[in-house]
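**Student:** From first to last, the protein sequence lines are chains A and B.
Here the UniProt record's numbering is used: the first residue of the first sequence is 1, the next is one more, and so on.
Here the UniProt record's numbering is used: the first residue of the second sequence is 1, the next is one more, and so on.
Each hint should be verified, as a subset may be incorrect.
[As the list claims (entries may be wrong)] Keeping only pairs whose Cα atoms sit at most 20 Å apart, straight-line, the calculated EDC-like set for lysine to aspartate or glutamate is:
{"no.": "1", "chain 1": "B", "residue 1": "K50", "chain 2": "B", "residue 2": "D91"}
{"no.": "2", "chain 1": "A", "residue 1": "K266", "chain 2": "A", "residue 2": "E175"}
{"no.": "3", "chain 1": "A", "residue 1": "K100", "chain 2": "A", "residue 2": "D168"}
{"no.": "4", "chain 1": "A", "residue 1": "K254", "chain 2": "B", "residue 2": "E60"}
{"no.": "5", "chain 1": "B", "residue 1": "K92", "chain 2": "A", "residue 2": "E262"}
{"no.": "6", "chain 1": "A", "residue 1": "K254", "chain 2": "A", "residue 2": "D239"}
{"no.": "7", "chain 1": "B", "residue 1": "K37", "chain 2": "B", "residue 2": "D91"}
{"no.": "8", "chain 1": "B", "residue 1": "K205", "chain 2": "B", "residue 2": "E240"}
{"no.": "9", "chain 1": "B", "residue 1": "K111", "chain 2": "B", "residue 2": "E60"}
{"no.": "10", "chain 1": "B", "residue 1": "K39", "chain 2": "A", "residue 2": "D153"}
{"no.": "11", "chain 1": "A", "residue 1": "K225", "chain 2": "A", "residue 2": "D249"}
{"no.": "12", "chain 1": "B", "residue 1": "K94", "chain 2": "B", "residue 2": "E144"}
{"no.": "13", "chain 1": "B", "residue 1": "K94", "chain 2": "A", "residue 2": "E262"}
{"no.": "14", "chain 1": "A", "residue 1": "K266", "chain 2": "B", "residue 2": "E71"}
{"no.": "15", "chain 1": "A", "residue 1": "K254", "chain 2": "B", "residue 2": "E79"}
{"no.": "16", "chain 1": "B", "residue 1": "K37", "chain 2": "B", "residue 2": "E78"}
{"no.": "17", "chain 1": "B", "residue 1": "K50", "chain 2": "A", "residue 2": "D153"}
{"no.": "18", "chain 1": "A", "residue 1": "K254", "chain 2": "B", "residue 2": "D91"}
{"no.": "19", "chain 1": "B", "residue 1": "K50", "chain 2": "A", "residue 2": "D249"}
{"no.": "20", "chain 1": "B", "residue 1": "K92", "chain 2": "B", "residue 2": "E60"}
{"no.": "21", "chain 1": "B", "residue 1": "K50", "chain 2": "A", "residue 2": "E175"}
{"no.": "22", "chain 1": "A", "residue 1": "K254", "chain 2": "B", "residue 2": "E95"}
{"no.": "23", "chain 1": "B", "residue 1": "K94", "chain 2": "A", "residue 2": "D153"}
{"no.": "24", "chain 1": "A", "residue 1": "K100", "chain 2": "A", "residue 2": "E143"}
{"no.": "25", "chain 1": "A", "residue 1": "K225", "chain 2": "A", "residue 2": "E175"}
{"no.": "26", "chain 1": "A", "residue 1": "K177", "chain 2": "A", "residue 2": "D223"}
{"no.": "27", "chain 1": "A", "residue 1": "K146", "chain 2": "A", "residue 2": "E262"}
{"no.": "28", "chain 1": "B", "residue 1": "K37", "chain 2": "B", "residue 2": "E71"}
{"no.": "29", "chain 1": "A", "residue 1": "K254", "chain 2": "A", "residue 2": "D168"}
{"no.": "30", "chain 1": "B", "residue 1": "K50", "chain 2": "A", "residue 2": "E262"}
{"no.": "31", "chain 1": "B", "residue 1": "K39", "chain 2": "B", "residue 2": "D91"}
[Unchecked claim] Here are a few chain A residues that face chain B, going by a calculated C-beta distance under 7 Å:
{"no.": "32", "residue": "L155"}
{"no.": "33", "residue": "M162"}
{"no.": "34", "residue": "M240"}
{"no.": "35", "residue": "Y244"}
{"no.": "36", "residue": "N257"}
{"no.": "37", "residue": "R259"}
Keep in mind that the hints were calculated from the coordinates and are not lab data.
C-beta atoms are modelled at their ideal positions from N, C-alpha and C, and glycine is treated no differently.
In case you want the letters, here they are:
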Amino acid sequence: MVPNKAGTQAVLKEPYIQYVFDLLKANALRGRRVMVMVLIRAESETASETAFRLQSLVRSTDVLFETDRQDERGVLLPMSGADEARSFLNRLFRETGEIKAAVLEIFHPDTELRASIEDMQSAIDREEGAITFMAPVSQRPEEEVKVSVLDPDPLFRDVLGMALGQLDTPAVRLEVKTFGDGRSFLQSGWTASAHSHLVVMNDLLPRQNGLDVLHTLRSLPNDGKFTILMMTRRNSEEDMTYAYESGADGYLIKPFNLRLFEAQVKRLLTRLWS
Amino acid sequence: MIGVPVTAVFFGVMLLFLVLAVMTVYLFAARDSQERKMKKADSYLLRNSKRWYQVLRGIETASQELVPSDEAELAAVEEIFRAYLTNVSGDKIKERIQEFADVHLAPFYRKKLKSRNWSERMNALYRIEDFGMESLIGDVRRLERKKLTADERFQLHLIDLQFRPDGFMERNATRLGDLSEYEARQLFFLMPEHVFNETVAMFGKLAPVLQYGLIEVLGMRQDLMRLRFLEELLDSSDPEIRIRVLRAIDAFGIRTPDRILERAFDSPVWEERFLGARMLRRVPADEAARYASRMRDDPSWLVREEIRALSVRQRSPEGKMAVLR
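Given these sequences and hints, build the entire structure.
**Tutor:** Have a look at this one:
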């Protein structure tokens with residue numbers, strides 16, 4: 001929150017908004033999150049009236065700013081996407097009369113404040129509708145995610161590898177490797193990088209057991225990069241509880257539907273960009 | 001002393017060497033043939049495992065190239081199907097395997113069913129069950145008329161259950177008496193629900209081995225709806241049935257009703273009294289103490305020990321908590 005002397009949300013001007021924008025954008029990108037910029041134009045009321053209305057609606061984490069037009073105000077909604085922006089504008093439209101707005105999701109490092117504001121202003125001028133959702137400046141940057149499949153059955157390892165290889169994962173490039181046992185995986189050096197890492201692992205493995213590998217990965221200092229999906233043939237509640245308590249993110253009981261597997265992997269990968 | 005001519009010894013040794021040489025050559029040849037077969041199977045897997053993935057997921061249809069041309073390629077296809085059937089479910093994968101096996105693998109297994117080699121026949125029966133090859137049912141039935149081993153007979157029962165579940169027990173009740181208890185349990189676990197219900201309904205007509213297996217399976221399934229049925233079996237004159245019934249009820253993991261406990265403690269069979277004593281661990285402390293005082297002087301040492309262990313458990317704080325729960 002950027003409070004003013006009255007304790008309400010301050011309306012930032014240049015060059016402060018540029019600094020805050022860059023800071024929030026960097027935070028959002030580092031956390032693989034999305035930020036939204038909303039530009040609101042209310043021709044029927046003064047800029048201070050619009051600002052006053054907005055001040056009563058924004059959260060403490062949102063940032064209000066002014067543009068070069070008197071009848072315009074902007075809002076930065078960190079940790080929010082287009083849906084949250086739509087809800088925010090719905091609340092605003094209930095209270096005000098003739099206003100127009102443009103919404104832009106920010107998830108790419110190349111998105112610039114000044115250029116974005118100009119684009120949004122021309123979209124408001126051009127479009128008839130009250131709310132214009134802007135096309136992103138560029139596609140979400142592709143992220144490399146390492147995937148390790150650990151299963152003692154070589155043919156099934158290949159099946160999972162092929163299923164992952166054909167998975168449609170926007171903005172994520174999967175680098176899949178398969179391993180027949182826990183020790184060769186841990187000794188491969190494949191885990192030693194800062195990339196997000198999805199591990200799909202059977203609980204029973206030769207040489208080093210799956211649950212052992214789970215413990216080892218979770219005891220690493222950067223264990224947060226690992227998303228671990230366990231597979232088992234034993235439908236035992238106790239084993240599942242133990243695996244979840246040890247840090248597994250999901251559990252599949254063999255035999256399982258490959259579509260369920262793909263859906264789980266997609267869901268886990270989506271969480272990277274939450 | 002019997003004198004053996006030197007030439008006879010010489011020829012004997014030479015014969016032995018000859019046999020040894022023939023066996024060595026045979027072993028090397030067999031190993032070489034096995035290795036060639038494995039290489040061929042590996043090359044098939046390398047060539048086609050990606051295509052099989054597409055076919056089994058319904059992305060493309062099976063081409064002629066996937067049809068195995070010999071035993072080595074058949075082994076590779078079996079491996080692929082095994083990997084899918086044991087690890088993957090749904091999505092019509094089983095149906096696609098069944099369809100392919102019925103059309104393209106059936107000739108191989110038909111030949112194997114006629115083999116004089118027991119292991120070949122057994123393998124064919126296993127695969128017919130695994131891949132659900134309905135087109136070979138006629139050949140399997142013809143096999144029933146031959147003299148078969150117990151393992152083959154059991155496999156035939158499994159196939160019959162898979163393809164003709166309706167009326168399975170009426171057809172086979174008399175023949176199933178030869179099964180081992182383990183096999184009987186396996187059969188009951190694989191039964192569809194309606195066949196299992198029919199089997200329970202005809203409990204009295206079943207051979208003892210099937211009755212014992214069925215009681216065990218009822219206990220493992222922990223279906224409380226069967227408690228009344230099991231309780232009725234406590235009237236049986238066969239002590240083995242009564243013991244197994246008590247064990248099955250214990251496996252339910254519930255607080256055993258008093259009427260069952262009373263019957264167990266009144267039994268002249270020590271195993272029944274022992275199981276009754278074991279069930280006391282799920283009975284509230286005061287009631288358990290009442291039963292325990294009654295059984296403290298039981299003639300069986302094991303029953304007395306179980307009662308003593310129960311008293312010790314109840315005195316410990318965790319034990320009190322457990323019983324109260």
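**Student:** Next step is simple, just say for each hint if it's right about the structure.
**Tutor:** Against the structure, the hints:
Using a Cα cut-off of 20 Å, the hinted pair K50/B and D91/B holds, with the two alpha carbons roughly 17 Å apart. Of the pairs offered as hints, the one joining K266/A and E175/A holds, with about 15 Å between alpha carbons and a cut-off of 20 Å not exceeded. Restraint check for K100/A and D168/A: the C-alpha separation of about 36 Å exceeds 20 Å, so the hint is violated. A hinted pair counts as satisfied when its Cα atoms are at most 20 Å apart, and K254/A with E60/B does not qualify at roughly 25 Å.
Proposed proximity of K92/B and E262/A is supported: the alpha carbons are some 16 Å apart, at most 20 Å. Between K254/A and D239/A the CA atoms are separated by roughly 14 Å; this keeps the pair inside 20 Å, and the hint holds. This hinted pair does not check out: K37/B and D91/B have alpha carbons roughly 32 Å apart, beyond 20 Å. Note on K205/B and E240/B: the hinted pairing holds, with a Cα-Cα distance of about 17 Å set against a maximum of 20 Å.
Of the pairs offered as hints, the one joining K111/B and E60/B is violated, with about 30 Å between alpha carbons and a cut-off of 20 Å exceeded. Under the criterion of a C-alpha separation no larger than 20 Å, the hint pairing K39/B with D153/A is consistent with the structure, at around 18 Å. Under the criterion of a C-alpha separation no larger than 20 Å, the hint pairing K225/A with D249/A is consistent with the structure, at around 12 Å. A C-alpha spacing of about 27 Å is found between K94/B and E144/B, which places the hinted pair above 20 Å, so the restraint is violated.
The suggested pairing of K94/B with E262/A holds, with an alpha-carbon distance near 19 Å, which does not exceed 20 Å. For the suggested pair K266/A and E71/B, the alpha carbons sit about 40 Å apart, so the restraint of at most 20 Å is broken. Restraint check for K254/A and E79/B: satisfied, since their Cα atoms lie roughly 17 Å apart, inside the 20 Å limit. Of the pairs offered as hints, the one joining K37/B and E78/B holds, with about 14 Å between alpha carbons and a cut-off of 20 Å not exceeded.
Proposed proximity of K50/B and D153/A is supported: the alpha carbons are some 16 Å apart, at most 20 Å. For the given pair, K254/A sits about 14 Å from D91/B by alpha-carbon distance, which is consistent with the 20 Å threshold. Restraint check for K50/B and D249/A: the C-alpha separation of about 29 Å exceeds 20 Å, so the hint is violated. Simply put, K92/B and E60/B have alpha-carbon atoms about 13 Å apart, close enough for the 20 Å limit, and the pair holds.
Our distance criterion of 20 Å between C-alpha atoms is met by K50/B and E175/A, whose separation comes to about 18 Å. For the proposed pair K254/A and E95/B, the alpha carbon gap of about 18 Å is at most 20 Å, so the pair holds. Between the alpha carbons of K94/B and D153/A the distance comes to roughly 19 Å, so the proposed pair stays at or under 20 Å and holds. Straight-line distance between C-alpha atoms of K100/A and E143/A comes to about 35 Å, which puts the hinted pair past the 20 Å bound.
At roughly 15 Å between alpha-carbon atoms, K225/A and E175/A fall within 20 Å of each other, so this suggested pair holds. With a C-alpha separation of about 19 Å, the suggested pair K177/A and D223/A falls inside the 20 Å cut-off, and the hint holds. Note on K146/A and E262/A: the hinted pairing holds, with a Cα-Cα distance of about 16 Å set against a maximum of 20 Å. Distance restraint check for K37/B and E71/B: the Cα-Cα separation of roughly 8 Å lies within the 20 Å cut-off, and the hinted pair is therefore satisfied.
About 23 Å separates the Cα atoms of K254/A and D168/A, which puts this hinted pair outside 20 Å; it is violated. For the given pair, K50/B sits about 17 Å from E262/A by alpha-carbon distance, which is consistent with the 20 Å threshold. Distance check on the hinted pair: K39/B and D91/B sit about 32 Å apart at the alpha-carbon level, beyond 20 Å; violated. Because the smallest distance between the Cβ of L155/A and any Cβ of chain B comes to about 4 Å, under 7 Å, the interface hint for this residue holds.
With its C-beta approaching chain B no nearer than about 5 Å, M162/A sits inside the 7 Å limit, and its interface hint holds. Nearest Cβ of chain B to the Cβ of M240/A: about 18 Å, over the 7 Å cut. The hint is violated. At about 22 Å, the closest approach between the beta carbon of Y244/A and any beta carbon in chain B exceeds 7 Å, and the interface hint on this residue is violated. Interface restraint check for N257/A: the shortest CB-CB distance to chain B comes to about 4 Å, inside 7 Å, so the restraint holds.
Annotation: R259/A was flagged as interfacial toward chain B, and the flag holds, the nearest CB pair being 6 Å apart, inside 7 Å.
Hint compliance for this structure: hints 3, 4, 7, 9, 12, 14, 19, 24, 29, 31, 34, 35 are broken, all remaining hints hold.
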